[in-house]
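Single-letter residue listing:
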Amino acid sequence: MRRFLILSLTTLALAACEREDREYRANPMTSETNEKITLSPLSAGPSGPTEQRSGVGKEYEENAYHISQGQRLYVWFNCNGCHANGGGDSGPPLMDDRWIYGGQIENIVQTIREGRPNGMPSFRGKVPDAQIWQIAAYVRSMGRNVPKAAAPSRKDDLSPGPAEQRRPPGEVIDGGQIPSSAQMPQ
Amino acid sequence: MRRLSRAFIIVLMPLGGCQDWQSVLNAQGPSASALANMFWIFVAVLGAVWVLTMIAFLLSLRRRRHIDTDPLATSPETERRMTIIVSVAISLTLLTVISLTGLSYAAQKVLFARENEALTLLITGQQWWWKITYEDTQPSRVFTTANEIHIPVNEPVLIKLESSDVIHSFWVPSLTGKMDAITGRQNQIQIQADRPGVYRGQCAEFCGLQHAHMGLLVVAEGKEDFERWREQQLSSAIPPADSERQHGMEIFLSKPCIMCHQVRGTDAGGKVAPDLTHVGSRRYIGAGTLETTRGNIAAWIVDPHGIKPGVNMPTIQLEPDEVQPLASYLEGLK
Numbered sequence: 220m221r222r223f224l225i226l227s228l229t230t231l232a233l234a235a236c237e238r239e240d241r242e243y244r245a246n247p248m249t250s251e252t253n254e255k256i257t258l259s260p261l262s263a264g265p266s267g268p269t270e271q272r273s274g275v276g277k278e279y280e281e282n283a284y285h286i287s288q289g290q291r292l293y294v295w296f297n298c299n300g301c302h303a304n305g306g307g308d309s310g311p312p313l314m315d316d317r318w319i320y321g322g323q324i325e326n327i328v329q330t331i332r333e334g335r336p337n338g339m340p341s342f343r344g345k346v347p348d349a350q351i352w353q354i355a356a357y358v359r360s361m362g363r364n365v366p367k368a369a370a371p372s373r374k375d376d377l378s379p380g381p382a383e384q385r386r387p388p389g390e391v392i393d394g395g396q397i398p399s400s401a402q403m404p405q
Numbered sequence: 005m006r007r008l009s010r011a012f013i014i015v016l017m018p019l020g021g022c023q024d025w026q027s028v029l030n031a032q033g034p035s036a037s038a039l040a041n042m043f044w045i046f047v048a049v050l051g052a053v054w055v056l057t058m059i060a061f062l063l064s065l066r067r068r069r070h071i072d073t074d075p076l077a078t079s080p081e082t083e084r085r086m087t088i089i090v091s092v093a094i095s096l097t098l099l100t101v102i103s104l105t106g107l108s109y110a111a112q113k114v115l116f117a118r119e120n121e122a123l124t125l126l127i128t129g130q131q132w133w134w135k136i137t138y139e140d141t142q143p144s145r146v147f148t149t150a151n152e153i154h155i156p157v158n159e160p161v162l163i164k165l166e167s168s169d170v171i172h173s174f175w176v177p178s179l180t181g182k183m184d185a186i187t188g189r190q191n192q193i194q195i196q197a198d199r200p201g202v203y204r205g206q207c208a209e210f211c212g213l214q215h216a217h218m219g220l221l222v223v224a225e226g227k228e229d230f231e232r233w234r235e236q237q238l239s240s241a242i243p244p245a246d247s248e249r250q251h252g253m254e255i256f257l258s259k260p261c262i263m264c265h266q267v268r269g270t271d272a273g274g275k276v277a278p279d280l281t282h283v284g285s286r287r288y289i290g291a292g293t294l295e296t297t298r299g300n301i302a303a304w305i306v307d308p309h310g311i312k313p314g315v316n317m318p319t320i321q322l323e324p325d326e327v328q329p330l331a332s333y334l335e336g337l338k
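Heads up: the protein sequence lines correspond to chains A and B, in order. All the letters of the first sequence, read from the start, carry residue numbers 220 to 405 under our numbering. All the letters of the second sequence, read from the start, carry residue numbers 5 to 338 under our numbering.
Rather than coming from a laboratory, the hints here were simulated on the basis of the structure. Remember, it's a predicted structure, so these values are computed and weren't measured experimentally. Be aware that a few hints might be false.
Claimed, not checked - With a straight-line cut-off of 20 Å between C-alpha atoms, the simulated DMTMM-like cross-links for lysine to aspartate or glutamate are:
(1) Lys-182/B to Asp-198/B
(2) Lys-345/A to Asp-271/B
(3) Lys-259/B to Asp-325/B
(4) Lys-275/B to Glu-333/A
(5) Lys-345/A to Glu-333/A
(6) Lys-277/A to Glu-251/A
(7) Lys-345/A to Glu-326/B
(8) Lys-227/B to Glu-119/B
(9) Lys-182/B to Glu-166/B
(10) Lys-277/A to Asp-308/A
(11) Lys-164/B to Asp-140/B
(12) Lys-259/B to Glu-323/B
(13) Lys-345/A to Glu-139/B
(14) Lys-345/A to Glu-254/B
(15) Lys-338/B to Glu-225/B
(16) Lys-367/A to Glu-278/A
(17) Lys-374/A to Glu-254/B
(18) Lys-275/B to Glu-119/B
(19) Lys-259/B to Glu-251/A
(20) Lys-259/B to Asp-376/A
(21) Lys-374/A to Asp-271/B
(22) Lys-345/A to Glu-323/B
(23) Lys-275/B to Asp-315/A
(24) Lys-135/B to Glu-235/B
Looking at chain B on its own, in the form it has when it is part of the complex:
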C-alpha cells in the first residue's frame, strides 16, 4: 500500500509543473484558453472511452460461458442483442470522432481569428535570442529591444515572425500555440493576455546548440504602465552621472562591444546583437539565461561560453579592473 501511494505521488509530481508561468494548462489568453479547453475535453472524453472499454473487457473476462454449449449455435434472442450492442458501439464511436473533430475545428477558428490589433511586433528569431521591433506608423516611434515583450492587457497584439538564420518557433504556452519563424518568409500570430502577469516563452524548434537557452518573457500590464514603458524604451540611454559608470561607458565604447551591440545615444551602433539601450530594465540577460544583476552581467562578459557554450558573444580582452565599471554601466542602462 505504501509503495502504491509513493508511486502515485511520483506520477502526480510532474503535474505541479503545470501551474508555472510557462504552461499550456495555465491559460491566460483566448487562444490559449481554447487550446486548454480542448485539451481537457479530449482528456475527459478519451478517459471515459478508456474506462468503459476496460470495464467491458474485465466483464468479458469474468463472465464464463458454459463449456457444454455449442459456440456456433445461434438463437434469435442473442442475435437481436448482438445487433443492438454492435450498432450502439459503432454509433457511439462515430459520435465521439465527429464531435471531437468539430471541437478541434472550433478551437482552430478561435486560434486563427484576427481582430484589429492595437500593436504590431516584428520578432526575428536568431541564434539564440529574439530581436523584437515595435512597429509604428511614425518611424520615430519604432524601437528595437530583445528577449522581453511588454503588451497591454486585454488587447490583441499581432506578431510577425521572421528568422535570420535557421528555423525557430515562437511559443508562449500561457498565451497561444506555437508558430514557426522561417527564413525568407513571414508568419503571423495573434496573442492576447486576459490578466496582467509575466509569461515565459521558449523557442520550440530545435535550432542549434543553445536552443534550450532561447527564452523570452511576455509582460502583460495595464494600458498606462505599458505606455510608460514604451516611452521609456523609445528614449535614448541617459549618460551616466557617476564617475565609475562614466569610466564603464568609456570601456564599452573602446572595446569590441560596439561591433555588434547598440546603445542609442552613444556611438555604439551594431545591429547584429541584442540592443543594450535599456538592458538594465530587462529581467534577464542571455535570452532568459541569467537574471539581470551586476554580478551576472560581469560573469556573462568575462566568460559567455562558460554560461552558454557556443553563443555568438566572443570572449574579449579585459583588464580585471575594467570588469566592474563595465558591468556597473550596463546594469545602470535602465
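Isolated chain A, as found in the complex:
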C-alpha cells in the first residue's frame, strides 16, 4: 500500500514536467480578432456597456514565450524610440498604472493596431497580428500585470528599474489621468 502511494505520488510529480505550450505558428486565418472594449464604464441606461472578448488576450499574457518574444519585438520595432524602456520619453510611460486608452491587453492591442492621436502610429498591416499581441503582452508585463512566472527576466541593455518579473504587481486603473493633449481625440 505504502509502495503504491509513493509510486503514485512520484508519477503525479512527473505531470508537473509538462512544458508550457509554445505557439510558434499563429493561425493567419484568425489573424485579426474582433474585440469590443470600452474605455469608460459609463453608458446610457441601467446596464454597463457591452464588451466582447475573444479570450486571446489571456492566452498571450499568461504565456512566458509570447511575452519574451514581445520583449524582443519591442526593441526591433522601435517602441523604445518613443516609450524608452517603459519609463516614457516623447511617448507616455508604459510601466505605471496610468492608461489614457485603457490598460487591458485588448486596449493595448487596439492602440498598437489602430494608432492614437498625437503621435502613436498605426501598425495595422505592418506588424502581423500575433506579434501585436506579443508586444501588448510584454507591455502589460512592464507594470507586472502578468503572472510572475511568465514575466521575462532582465534585458542585456540598461534598464530603469528591476526586471519585469521582479517588479511589484501594478493595478490597472482604466482611464487614469488624461493629459490635456489627449483629452479630445480628433
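Using the hints, position chain B against chain A.
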C-alpha cells in the same frame, strides 16, 4: 567471417563523411591543415602506443611461469633486465608526452598567427543566422549580407565575431578551428583558403531551438571573381522590369516584410533580419536550410515555422495569388 566484414564496413562508413565540404579532415587552409596534421600525428602515435601495449599485454598472458619457482626470488640477471625495461618504458612515455605537447604548441602557433589581412569581416551571430558586414576604410564601400561569405583565395581574411543575443560559435571545419561569438565582446579569428571552392560552416555552440539550422557558406574564389562579386553586392537592387516582379515588389513593400528586412534601393530598411538586396544570388535561404529556388522561397514565406520551427520570421497574411509574384521578385534579386 561475413559478419566480421559487415561490421568492418559499418565501422568504416562514417569515414565517408570526412570528404565533404564540411570536414576537419578535408583541410583547405593553413590553420585547418595544422589541425588536420596534428590530428593524424596524434592518431598515428597514440595508435602505435595502443598496439604496442596490447602486444605486450598479450605476450604476458601467453608466457607461462613455472609454477614451482618462488615468485619472490630475485637474481641479479632478472633485476638488471627489469631495470632496463622499466627505464625504457618511462623514457618512451615521457618522450611521447613531451613531443605531443610540443606539437600542439606548434599547431597553436600556426592557428593564432596573424598576417596583414587584405579583408576584414564583421560577423554577428543571431538566432539563427549570420549577419556579415564587409568592412572598408571608405564608408561607401561597406556592405551587409547574410549567411554567405565570399573570400579571395590565398589571402588571409580577418573575421571579427560578435553576437546580438546568445553565445554562438563560428566554425568552418575545412578552413579553421572554432571561435565563439559572445555578447558584449569581440573575438577575432583569421581564415585563409588555399584552393577555390565552397566550404560549409556551422554554429558550434548550442544556441537555441534552431541551432542545427544555422549554417553558413564560405565561397573561396579568384581575385577577379571576388572583386566582381563585391562590386555586385555593393550595388543597390535593380528595379524589376517585368510586370509580375513589379507586382511582387509592391507586395513586398506593402507587407510586414519591410519591418525587418532591407532591400537597398527601395523603402525597405529593416535591419534586424537578413539583408535581401541580393538574396537571389545566395545559394541558400534560411541560413543553409533551403536551396534558393522560387518554390523554396514561396514555401519559406508561406510557412517558415513548418520548415524552421521557432524562427523569428513570422507567418504573415498573404492572398494565394500574392505568393507567386512575391517569390518571383525575391528570387530575381540577384
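Consistency of the hints with the structure:
1. A C-alpha spacing of about 18 Å is found between Lys-182/B and Asp-198/B, which places the hinted pair at or below 20 Å, so the restraint holds.
2. Of the pairs offered as hints, the one joining Lys-345/A and Asp-271/B holds, with about 13 Å between alpha carbons and a cut-off of 20 Å not exceeded.
3. Restraint check for Lys-259/B and Asp-325/B: satisfied, since their Cα atoms lie roughly 14 Å apart, inside the 20 Å limit.
4. Among the hinted pairs, Lys-275/B with Glu-333/A is inconsistent with the structure: their alpha-carbon atoms are about 24 Å apart, more than 20 Å.
5. As the CA atoms of Lys-345/A and Glu-333/A are separated by approximately 11 Å, the hinted pair is consistent with the 20 Å bound.
6. Taking the CA atoms of Lys-277/A and Glu-251/A, the gap is about 16 Å. The hint holds against a cut of 20 Å.
7. The hinted pair formed by Lys-345/A and Glu-326/B meets the criterion: a straight-line CA distance of about 16 Å does not exceed 20 Å.
8. Of the pairs offered as hints, the one joining Lys-227/B and Glu-119/B holds, with about 18 Å between alpha carbons and a cut-off of 20 Å not exceeded.
9. About 14 Å separates the Cα atoms of Lys-182/B and Glu-166/B, which keeps this hinted pair within 20 Å; it holds.
10. For the given pair, Lys-277/A sits about 29 Å from Asp-308/A by alpha-carbon distance, which is inconsistent with the 20 Å threshold.
11. Between Lys-164/B and Asp-140/B, the direct Cα distance comes to roughly 13 Å. Compliance with the 20 Å bound is thereby established for this hinted pair.
12. Taking the CA atoms of Lys-259/B and Glu-323/B, the gap is near 11 Å; set against the 20 Å cutoff, the hint holds.
13. The hinted pair formed by Lys-345/A and Glu-139/B fails the criterion: a straight-line CA distance of about 32 Å is larger than 20 Å.
14. Restraint check for Lys-345/A and Glu-254/B: the C-alpha separation of about 14 Å stays at or below 20 Å, so the hint holds.
15. Of the pairs offered as hints, the one joining Lys-338/B and Glu-225/B holds, with about 18 Å between alpha carbons and a cut-off of 20 Å not exceeded.
16. Simply put, Lys-367/A and Glu-278/A have alpha-carbon atoms about 15 Å apart, close enough for the 20 Å limit, and the pair holds.
17. For a cut-off of 20 Å, the pair hint linking Lys-374/A to Glu-254/B is broken: about 36 Å separates their Cα positions.
18. Distance hint between Lys-275/B and Glu-119/B is unfulfilled; the C-alpha atoms sit about 32 Å from each other, more than 20 Å.
19. The straight-line distance between the Cα atoms of Lys-259/B and Glu-251/A is roughly 15 Å, inside the 20 Å bound, and the hint therefore holds.
20. Between Lys-259/B and Asp-376/A, the direct Cα distance comes to roughly 30 Å. Violation of the 20 Å bound is thereby established for this hinted pair.
21. A C-alpha spacing of about 30 Å is found between Lys-374/A and Asp-271/B, which places the hinted pair above 20 Å, so the restraint is violated.
22. This hinted pair checks out: Lys-345/A and Glu-323/B have alpha carbons roughly 16 Å apart, not beyond 20 Å.
23. Simply put, Lys-275/B and Asp-315/A have alpha-carbon atoms about 30 Å apart, too far for the 20 Å limit, and the pair is violated.
24. Proposed proximity of Lys-135/B and Glu-235/B is supported: the alpha carbons are some 19 Å apart, at most 20 Å.
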